[in-house]
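As given, the protein sequences belong to chains A and B, one line each in that order.
If you count the first sequence from 1, position 31 lands on 31 in my numbering, and the numbers rise without skipping.
If you count the second sequence from 1, position 78 lands on 78 in my numbering, and the numbers rise without skipping.
There's no promise every hint is true.
Ranges between beta-carbon positions, derived for each pair [what the hints assert, rightly or not]:
1. A:K58 - B:R87: 32 to 40 Å
2. B:R87 - A:A175: 51 to 59 Å
3. A:K58 - B:E184: 43 to 51 Å
4. A:I172 - B:P252: 26 to 34 Å
5. B:P252 - A:R155: 21 to 29 Å
6. B:E457 - A:F147: 52 to 60 Å
7. B:N74 - A:R155: 20 to 28 Å
Which stretches of chain A does chain B cover? Using the computed rule of at least three CB atoms under 8 Å from a CB of chain B, they are [as the list claims (entries may be wrong)]:
8. 81-93
9. 257-267
Simulated from the structure, these hints should not be mistaken for laboratory data.
Only a predicted model underlies this, so the values are computations on that prediction, with no experimental measurement involved.
In this text, a Cβ means the ideal position worked out from N, Cα and C, and glycines have one as well.
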Amino acid sequence: MTITSCYKRGVTEATARPNLMAVLWLFNVSFASILYVIFFRAFNASVGPSLVLKDLLKTGDMNILLETLTQTAGPFASAFRAAPIVILLYFLANVFLQGGILNVLIVPRGREKFADSFFGGGGQFYGRFLRLLVYSAVVWVAAIILFFAVNAALRVLGDPSRERQMVLFAIIRVALGLFLLHLVKMVLDYARIMIAVRDSRTVFRALMDAVRFVIRRLGGTLGLYYLLGLTGLAISLAYLGVKSLIGTATAAGILTAFLVTQVYIAGRSWLRAAYQAGQLEMFTISGPPREPKQGDNGAKEETAAG
Amino acid sequence: MRKTPILLGVVLACMPGITSAALSRQVVNYDIHVRLHPETKTLEGRETLVWLNDSNTEVTELPFHLYLNAFKNNRTTFMKESGGLSRGFKADDANWGRITVRSIRLRNGPDLTPTLAYAAPDDGNPDDQTVMRVTLPAPVKPGESAALEIDFEAKLPKVFARSGFVGNFFMAGQWFPKIGVLREGVWNCHQYHAQSEFFADYGVFTVEITVPEAYVVGATGRRVKESRNADGTKSLVYFQEDVHDFAWTTCPDFVESRERFTLDEPKVDTEMIFLVHRAHLGQRDRYVRALRQGLEFYSKKYGAYPYGTITLVDPAPGGMGAGGMEYPTLFTAGTMSFMPRGLRMPEMVTIHEFGHGYWYGIVGSNEFEEAWLDEGINTYSEIKAMSLYYGADRAMIDFPGLKIGDFSYQRLATIGSGRFDPIVRKSWDYISGSSYSLNVYSKAGIMLLTLERVLGEDVMARVMRTYFETWKFRHPRTEDFVRTAEETSGRGLGWFFDQVLHSPDKLDYAVTGLRSEEVQEPKGIFDGKAAAAGKSKTETAAGVDRRTARKPAFRNTVVVARLGEWVFPQEIKVTFADGKEVRETWDGRDRWKKFVYTLPVKLASAQVDPENRYLLDVNFANNSRTLAPTPWAARKYALGFMGWVQHLLSFVSL
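Required output: the full structure, derived from the provided sequences and hints.
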């Protein structure tokens, strides 16, 4: 019941805040646009006004595309070199977004202007969430040690001449890696919620509290996480289905495909807000009574608890 | 182990269906008895070799390949060159391999063992024992034979490069002392190198293999006898004429199946033997289909498959180091239990390795010195076969939304083949293993596809058939292929082969300039007279008189350039805005050439080599230029790239 009520709460809260979805989408598209420009210029510089372009526009044949990329790899290298830098910058901006999302969800609707709430929250929690990233190394290291320990055990148990067993072990490795990755991400989500809800400056303590919180309510937290994950999967499948129907040999087709992608990215932004809202609800109904934020007067708590 | 090898030879010669008119010179006649000891991974062998001096020179010394000694320690030439890595598989320090000749003597003659010495003719490496020589007490004169009896013991390495074991799977390739090739009075017997394969003379092989009873065996040739022994082992005798090597494999987990392959034109009737590891039985149908395709393609294109059997070996899991290797009438393929059907690696490897039965198997070029003659020709054949049976644009990878052809794969490799090595070079002289592979396989294969487009498909088919017919069961060289191509096509091809075979350079022609400018009316003073608008006559390449045309005229300029070093004659297609086309020719020698047309229409595009005949051209994108841009192509891919970035950012932020 807790999982479904938190899930419903998350979905409702995210749907009720289209501004949040729009800002998250805008951040995403702004950073990605930098790489669009670099790639577009590189493409034009390398291929030039060639007849090959007509083939590339018409068919999208991977054979032609790969050959073009291989022959004229130089300019594209700049786009691929720029990508990690843009992703790193986005990652840092994302720390800001995390504070903004949580503040918007905590502050009752209508009480503050959206912009004040979002950007105020982003600025208010930025330093703390950045410190949380550094402290999270403890949790990451623990997860990595566990991963390598299981890996070593599988290596000892594995027999290279038993192919099916080796494939099964490979699947276990990937599954374990993904599970640990999401588990740590989930712990960090709850740590951020604790910091924001309590307006706490003891970041490491919040991290440890989050670890304890997740371990004590492993079924509930994981259940909510994967239920929302299934929602994301459904969104992705719908996107892939629609995208496969769109031909991209014409300007109209290319624009339509682009718009569909943006709708999908907006959907992912909505899901992100739903995750935060659902997990906030999970923390609120399962966690210890939170310490009131200064100037809160209890109104926020009432809202967050529903 | 049988005691009467000579008697067995006589018996076999009397068996119906075993003997036929010899297809080759049969310089060697091997009779080998070998016993596998699975626990120690060793082979105990006794070899009788009758060698015919088919030259005009007296011979006093006999060299032998001892290939398994390449795996003896980390100082051998093979291990130093490879760093203990072959195609991504690593040598196992706990399982070295070796071959020891215990004794070698002339039949009914003196013991030659005291004269045994190791040699390193290629690099002088004192730690390399992959070539041994023995000195004869008396010369073998031209036309005479020498009969030798050799006792040897071999230890198979953990398989990472063709031969060896993993678990209970054994692949015995290059496993016995094999005599070198006497060519024009000179011994050709190279060391085993990381990047080289093999070279040997044709002859007759009779091999008795003894293994534990539970083991399933596959080998070169036809199984002619099988017997159970009192010690829980079984002995199987294999016989094959007109081959230059003998390989065998065994594993209790092989599932053997046999199917016939017949063809009416040309006449082929052979038995396909499949030894598929039980872990891969779900992939068996892929092997069967691909081998049928290979037999059909090579028989129809080059000549009838001449042997009575062809054995496909599927290496055990963990034994892929033995995979993808050819031996006469037997080859190793390779797959995995969960190999998706859209990933056509098993099909490609099957067709490629079967194809080596022709290129090196039947046409026995020297893989040490001119590897392109087997790998390049076989890559060309493989591309054509894979494209024919699986689709040119999806022969290698065929998933929804992701399709890649064999041709594209090989062309990408050619583009990336560097400017260090030519196609013709001794295998161990390439700057790196990848340079060897890219040049000898991909570039040579694409070179032959280019030749096919230069000569035409029918002429090229005749060239290949003539080369096969002329050189089957013989040892051709590069110049023999070139001569065959020139004689069959009736064209001088020196300009082509001299560049593509012996120069490491590249072919790249481009349209570097395309302009259409309106011709200005005459203005200013001409010999003291002011020009009268519309009264001058402009010379035009196409002979258009502007006064009569009464339309604006355009000076259309096309510049084509040679960006690479190779010189190929070029055709240029110039298209105008009204759809009309002009075809120009250029000998391609200068660094650039300009074509000018003054016409009432603008240019639309220009293209060198418009039919893409020269597949060796490393950049098709610059072969053409349009006057009007096509911005939506760039937008399409830039937006696609942006979409992927957005997905990534979404993942980072969740």
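Exercise for the section: Mind listing which of the numbered hints don't hold for this structure, in increasing order? Expected result: 2, 3
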